[in-house]
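**Student:** Protein sequence lines, in the order shown, are assigned to chains A and B.
For reference, each letter of the first sequence is one residue, going 1 to 223 in UniProt numbering.
For reference, each letter of the second sequence is one residue, going 1 to 223 in UniProt numbering.
Source of the hints: derived by calculation from the structure; they are not laboratory data.
Treat the hints loosely; a few may be bogus.
Computed, partial: chain A to chain B, Cβ under 10 Å [said to hold, decoys possible]: (1) 61; (2) 158; (3) 161.
All of these numbers come straight from a predicted model, not from anything done at the bench.
For every residue, glycine included, the Cβ atom is placed at its ideal position computed from N, Cα and C.
Protein chains: 2
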Amino acid sequence: MADAARDDAALPLPAAIAAALEEDIVFGRLHPRERLIEEELAERFRATRHTVRQALAELERMRLIERIPHRGALVKAYSPEEVRQLYALREMLETQAAALIPLPLAGDALAPLHALQQQHAAAVAEGDTRAVFRADLAFHRALYAHCGNLFLAETIEELGQRAQVIRYANLRSQASMEWARDEHAAMLGALRAGDRAALLALCVAHFRPAREAYLGQHPTLLA
Amino acid sequence: MADAARDDAALPLPAAIAAALEEDIVFGRLHPRERLIEEELAERFRATRHTVRQALAELERMRLIERIPHRGALVKAYSPEEVRQLYALREMLETQAAALIPLPLAGDALAPLHALQQQHAAAVAEGDTRAVFRADLAFHRALYAHCGNLFLAETIEELGQRAQVIRYANLRSQASMEWARDEHAAMLGALRAGDRAALLALCVAHFRPAREAYLGQHPTLLA
DNA sequence: GTCAACGGCATTGTCGACAATCCCGTCGCC
DNA sequence: GGCGACGGGATTGTCGACAATGCCGTTGAC
Chain A
1 MADAARDDAA
11 LPLPAAIAAA
21 LEEDIVFGRL
31 HPRERLIEEE
41 LAERFRATRH
51 TVRQALAELE
61 RMRLIERIPH
71 RGALVKAYSP
81 EEVRQLYALR
91 EMLETQAAAL
101 IPLPLAGDAL
111 APLHALQQQH
121 AAAVAEGDTR
131 AVFRADLAFH
141 RALYAHCGNL
151 FLAETIEELG
161 QRAQVIRYAN
171 LRSQASMEWA
181 RDEHAAMLGA
191 LRAGDRAALL
201 ALCVAHFRPA
211 REAYLGQHPT
221 LLA
Chain B
1 MADAARDDAA
11 LPLPAAIAAA
21 LEEDIVFGRL
31 HPRERLIEEE
41 LAERFRATRH
51 TVRQALAELE
61 RMRLIERIPH
71 RGALVKAYSP
81 EEVRQLYALR
91 EMLETQAAAL
101 IPLPLAGDAL
111 APLHALQQQH
121 AAAVAEGDTR
131 AVFRADLAFH
141 RALYAHCGNL
151 FLAETIEELG
161 QRAQVIRYAN
171 LRSQASMEWA
181 RDEHAAMLGA
191 LRAGDRAALL
201 ALCVAHFRPA
211 REAYLGQHPT
221 LLA
């Protein structure tokens, strides 16, 4: 079990608890199938059980946990086949979205993306994995927001959330974080240059490795 | 405001309330922007406010309503531009899914679909719009379940739910219900014959009209 | 006459306590 | 010795009451 609540004060309490648990799941401090007990969490976060309950509902909405009536909440586990299907859909959507981004991207549209990329790079440099995680999410959201279709962008984000355990398993290796950083930079270059083919290739190449690594590491996870 | 709770007993109470409200929204008994007041609903469904709250959370998850903290729940409204984007994504996903269904579909895979189509046809014959609505949902879910990608099927269903107000605005016209029925039959034919081109054409043609009708009818709905 | 501050009312959000459910070890019967 | 019924303990679900919030009409000052 992980350490106590991080002070993400300022955001509503249930959201803060959900965020903390989300990180616990992403960073493997809570493993698939592990049970989440409301009262324990309430104590850990010094909140009422009611508040914890709301946080669990939020995590269920994000599909990071599964709740079985009268039985409680489990960290969700994906079978290799599910991972393959999830990634197939993500690839299809992200490819489509990348194809829809107007190119070249105007300078004032590029600036915020660039700022996010810098944030990500800084977090990588400091080895602050939590910040890397958040910055990476923000970068990808901002990137696909430019596809011009609100629903497509939302769907991509939701599926990305579901895949978090897989996507961010590599946050333990400095090398792969640096890889991601450099690919982000390359994407910005393609956006600026208006090089559609390069952008598409980068988007696909960007998330394939995580899938492979996960499937290699959990070869026969039954579920 | 609509009439009292329908006896969808047997399913958990919050789900039953959510289903009833869902139908109210789909059939236009609750219009976009209309406010949902917890206590009124509690009285109407003879449930506690707590139960109603859960139902609202469920409807929010389905994106049929919007909840603003301390201000309550509103039936969600879509601007014409949002409708266009939503439909663009739906078209893309349903086309892809239809392209992935293995053809021709084996007989024992066809049978359940056929049964659902019959249910739909029966409901159309009786003019039971509620049943038509439910049967149509079931038919499409079963159809796209055959695409072989769980997540794609789920995503299609979720986006379909979000589009319900648009999709089912035509349930007030007997003619369009009969149209839908005939198209379902044609889809089954294409599945059986293994005619991919026909299947794709049907899937696209099947939901375009609802979009046009909605956009025509709500020409400048601000939002 | 206009505008800002106040206060009452409708509504939503949270709490603590209690009820319902399920898992699992124990007992008794065959 | 195996197996089903029973029951205790842990855990989740629900309730009624109370607190917090925001809207809106009213008031009063300038």
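**Student:** Quick one, is the residue 161(A) hint okay against chain B at 10 Å, beta carbons?
**Tutor:** violated (12 Å)
**Student:** Regarding the hint that residue 158(A) lies at the interface with chain B, is the smallest CB-CB distance below 10 Å?
**Tutor:** holds (8 Å)
**Student:** Given residue 61(A) was flagged as interface, is its beta-carbon under 10 Å from a beta-carbon of chain B?
**Tutor:** holds (6 Å)
Of the numbered hints stated above, the single one contradicted by the structure is hint 3.
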